[in-house]
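Visitor: Residues per chain, in single letters:
Number of protein chains: 2
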Amino acid sequence: MKLIIAKSAGFCFGVKRAMEIATEAAQKHPKDLHTLGPLIHNPQAVEFLEGLGMKVRERIEDIPRGTVIFRSHGVSLGDLVKARKKKLHIIDATCPIVKRAQVFAKHLHRHGYTLLIVGDAQHPEVEAIRSYIPERVDVMENVAAVQRLGPWDKLGIIAQTTQSFSLFKEVVAFCVERVKELRAFNTICRATTVRQMEAVEIAKKVDCMIVIGGYNSGNTQRLAAICRDIQPHTYHIETSQELRPKRLAGREKIGLTAGASTPSWIIKEIEQKVQSLKAKGLKDL
Amino acid sequence: MKLIIAKSAGFCFGVKRAMEIATEAAQKHPKDLHTLGPLIHNPQAVEFLEGLGMKVRERIEDIPRGTVIFRSHGVSLGDLVKARKKKLHIIDATCPIVKRAQVFAKHLHRHGYTLLIVGDAQHPEVEAIRSYIPERVDVMENVAAVQRLGPWDKLGIIAQTTQSFSLFKEVVAFCVERVKELRAFNTICRATTVRQMEAVEIAKKVDCMIVIGGYNSGNTQRLAAICRDIQPHTYHIETSQELRPKRLAGREKIGLTAGASTPSWIIKEIEQKVQSLKAKGLKDL
Chain A
2 MKLIIAKSAG
12 FCFGVKRAME
22 IATEAAQKHP
32 KDLHTLGPLI
42 HNPQAVEFLE
52 GLGMKVRERI
62 EDIPRGTVIF
72 RSHGVSLGDL
82 VKARKKKLHI
92 IDATCPIVKR
102 AQVFAKHLHR
112 HGYTLLIVGD
122 AQHPEVEAIR
132 SYIPERVDVM
142 ENVAAVQRLG
152 PWDKLGIIAQ
162 TTQSFSLFKE
172 VVAFCVERVK
182 ELRAFNTICR
192 ATTVRQMEAV
202 EIAKKVDCMI
212 VIGGYNSGNT
222 QRLAAICRDI
232 QPHTYHIETS
242 QELRPKRLAG
252 REKIGLTAGA
262 STPSWIIKEI
272 EQKVQSLKAK
282 GLKDL
Chain B
2 MKLIIAKSAG
12 FCFGVKRAME
22 IATEAAQKHP
32 KDLHTLGPLI
42 HNPQAVEFLE
52 GLGMKVRERI
62 EDIPRGTVIF
72 RSHGVSLGDL
82 VKARKKKLHI
92 IDATCPIVKR
102 AQVFAKHLHR
112 HGYTLLIVGD
122 AQHPEVEAIR
132 SYIPERVDVM
142 ENVAAVQRLG
152 PWDKLGIIAQ
162 TTQSFSLFKE
172 VVAFCVERVK
182 ELRAFNTICR
192 ATTVRQMEAV
202 EIAKKVDCMI
212 VIGGYNSGNT
222 QRLAAICRDI
232 QPHTYHIETS
242 QELRPKRLAG
252 REKIGLTAGA
262 STPSWIIKEI
272 EQKVQSLKAK
282 GLKDL
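Protein chains in written order, with this note's numbering: chain A, 2 to 286; chain B, 2 to 286.
Source of the hints: derived by calculation from the structure; they are not laboratory data.
Among the clues, some could well be false.
[Said to hold, decoys possible] Straight-line distance between alpha carbons at most 30 Å, and here's what the computed DSBU-like set of lysine-lysine pairs gives:
(1) K181/A with K56/B
(2) K100/A with K170/A
(3) K87/A with K17/A
(4) K181/B with K100/A
(5) K155/A with K107/B
(6) K100/A with K56/A
(7) K269/B with K279/B
(8) K170/A with K155/B
(9) K100/A with K8/B
(10) K206/B with K205/A
(11) K87/B with K181/A
(12) K8/A with K107/B
(13) K206/B with K107/A
(14) K155/B with K181/A
(15) K107/A with K107/B
(16) K17/B with K181/A
(17) K107/B with K17/A
(18) K155/A with K155/B
(19) K247/B with K17/B
(20) K88/B with K32/B
(21) K247/A with K279/A
(22) K107/A with K88/B
(23) K206/B with K279/B
(24) K8/B with K29/B
(25) K247/A with K281/A
(26) K8/B with K88/B
(27) K100/A with K87/A
(28) K100/B with K155/A
(29) K170/A with K269/B
(30) K107/B with K170/A
(31) K181/B with K3/B
(32) K3/B with K29/B
(33) K56/A with K83/A
(34) K181/A with K107/B
(35) K100/A with K86/A
(36) K3/B with K206/B
(37) K155/A with K181/B
(38) K205/B with K181/A
(39) K269/A with K17/A
(40) K100/B with K181/A
Can you build the whole structure from these sequences, using the hints too?
Guide: Laid out in structure tokens, this is it:
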């Protein structure tokens, strides 16, 4: 049995940065330390941070005093205003690539473009981006949804940073038919594109694919969906406990990748478990 | 036999306007009246203008004095400067929609976008647009050509006003993969899109398609190509003399359309010829 591990698996730059900021904050401001929502979409990493004394709070209203860390996905304008009003000590761990998407969204709105976001309307990153635009912003998760919209005079398009590039491209191609002017910023994070491309390449070569990451992580969900389209034996798991040996029985090539918010220690644990199963002989599982 | 004639066949707004400007000029400035290149891409219409005393000259150098009419496709910056230097009396018959494409091209260049034109590099309209941009401008007639270009930071895309919309869309979709920012102005003339769409609908219904217009007319050539993709029995002709009765033999439904620079009198003549053949009985041809 051969195990192929994606080079791009695991923490991206923005997640790594947010984890460093949070760990440092735990040392400097150990008292009344909170994150607004989970810092990153990985329950095990969040548990680690809670071990350092950090409390996850869903609303600013639930943080009476002390420090609030804004998570990697960004903060909405409403929450930002509330946190300032409450005079909370603010530490901003928003991913710079997410911030860039916010800047482009504001820029397009300011210059008279109707804004369209390719992304998941429920995702905190998209909710935050939308909150800075004083007008209605349509969010599209598939091309079918776009077909109900338009035509537009001036249309601006950006994407959630972890969206699938092929969807972004499809939406742009569809919309250009219905506009006088279209302006699109490719706000998809390069790390996401590289991770998706590598996953596709590995999925083509293997007879079983393991995708590791939080079930609440949008980019991990999309990564699993992309792999499943190519290799139906794709399993999305969060931890090594969830790795069922029977699923690997008889497989000759196993691929492994992980979302942007998956800690390296979890990837390592799963890798070791696969290797130990291999030593036992996968055929006999 | 049924004859279906496209409602959109014949002179578009810009060509009609250019013909009116030229006819008026022939009355007001009958002496030393010239057009720089053919006013529109239709030999029969140009012949009619020559009958009014208008001379077609390919270069400003060949116009010693008098009046010069700039054709519907626009004039290059170089020729404009030369005409002014020579103190020729200038009458500008550039189509306002072509002028709009020139304005967007300049706007994109001025704002730091690398300019890409979807069009035919040899067409006078494209040559004129390009001449206003002091840097190299790539012109693409198919998607294969775009694949050799990029990536770009800021890419601006416009189209020759009579281009096929599906090509414009394909180029935009391809380029969005290779840019940080893409800005596209849909400069394709609405009349062109409507004419192409109507031709497609008619071509689907008939067993023979006649496309009328100058062999040197880009939009007529594209119209014929679009129809031929659907109905192989598509014939591009310039005049009624070229209508070969044998080609219509046995056809039950005949479609008819014409390019943007095809005079109505030619369309009428061909329609009458088809009707007279019909009266004779197409089956016996």
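Visitor: Look at each hint and say if it fits the structure.
Guide: So, going through the hints one by one against the coordinates:
1. K181/A with K56/B: 38 Å, violated
2. K100/A with K170/A: 22 Å, holds
3. K87/A with K17/A: The hint holds at about 29 Å.
4. K181/B with K100/A: Cα-Cα ~15 Å, so holds.
5. K155/A with K107/B: The hint holds at about 18 Å.
6. K100/A with K56/A: 24 Å, holds
7. K269/B with K279/B: 15 Å, holds
8. K170/A with K155/B: 16 Å, holds
9. K100/A with K8/B: 51 Å, violated
10. K206/B with K205/A: 44 Å, violated
11. K87/B with K181/A: With a Cα-Cα distance of about 38 Å, the restraint between K87/B and K181/A is violated, given a limit of 30 Å.
12. K8/A with K107/B: 44 Å, violated
13. K206/B with K107/A: With a Cα-Cα distance of about 49 Å, the restraint between K206/B and K107/A is violated, given a limit of 30 Å.
14. K155/B with K181/A: 19 Å, holds
15. K107/A with K107/B: 25 Å, holds
16. K17/B with K181/A: 24 Å, holds
17. K107/B with K17/A: 43 Å, violated
18. K155/A with K155/B: 17 Å, holds
19. K247/B with K17/B: 33 Å, violated
20. K88/B with K32/B: 16 Å, holds
21. K247/A with K279/A: Cα-Cα ~12 Å, so holds.
22. K107/A with K88/B: Roughly 49 Å between the alpha carbons, so the hint for K107/A and K88/B is violated.
23. K206/B with K279/B: Within the cut-off at roughly 18 Å; holds.
24. K8/B with K29/B: Distance of about 34 Å is beyond 30 Å: violated.
25. K247/A with K281/A: 13 Å, holds
26. K8/B with K88/B: Distance ~43 Å between K8/B and K88/B Cα, so the pair is violated.
27. K100/A with K87/A: Measuring from Cα to Cα gives roughly 23 Å; hence the hint holds.
28. K100/B with K155/A: 19 Å, holds
29. K170/A with K269/B: 45 Å, violated
30. K107/B with K170/A: 26 Å, holds
31. K181/B with K3/B: 53 Å, violated
32. K3/B with K29/B: 45 Å, violated
33. K56/A with K83/A: 18 Å, holds
34. K181/A with K107/B: 17 Å, holds
35. K100/A with K86/A: With a Cα-Cα distance of about 22 Å, the restraint between K100/A and K86/A holds, given a limit of 30 Å.
36. K3/B with K206/B: With a Cα-Cα distance of about 11 Å, the restraint between K3/B and K206/B holds, given a limit of 30 Å.
37. K155/A with K181/B: 19 Å, holds
38. K205/B with K181/A: 29 Å, holds
39. K269/A with K17/A: 17 Å, holds
40. K100/B with K181/A: 15 Å, holds
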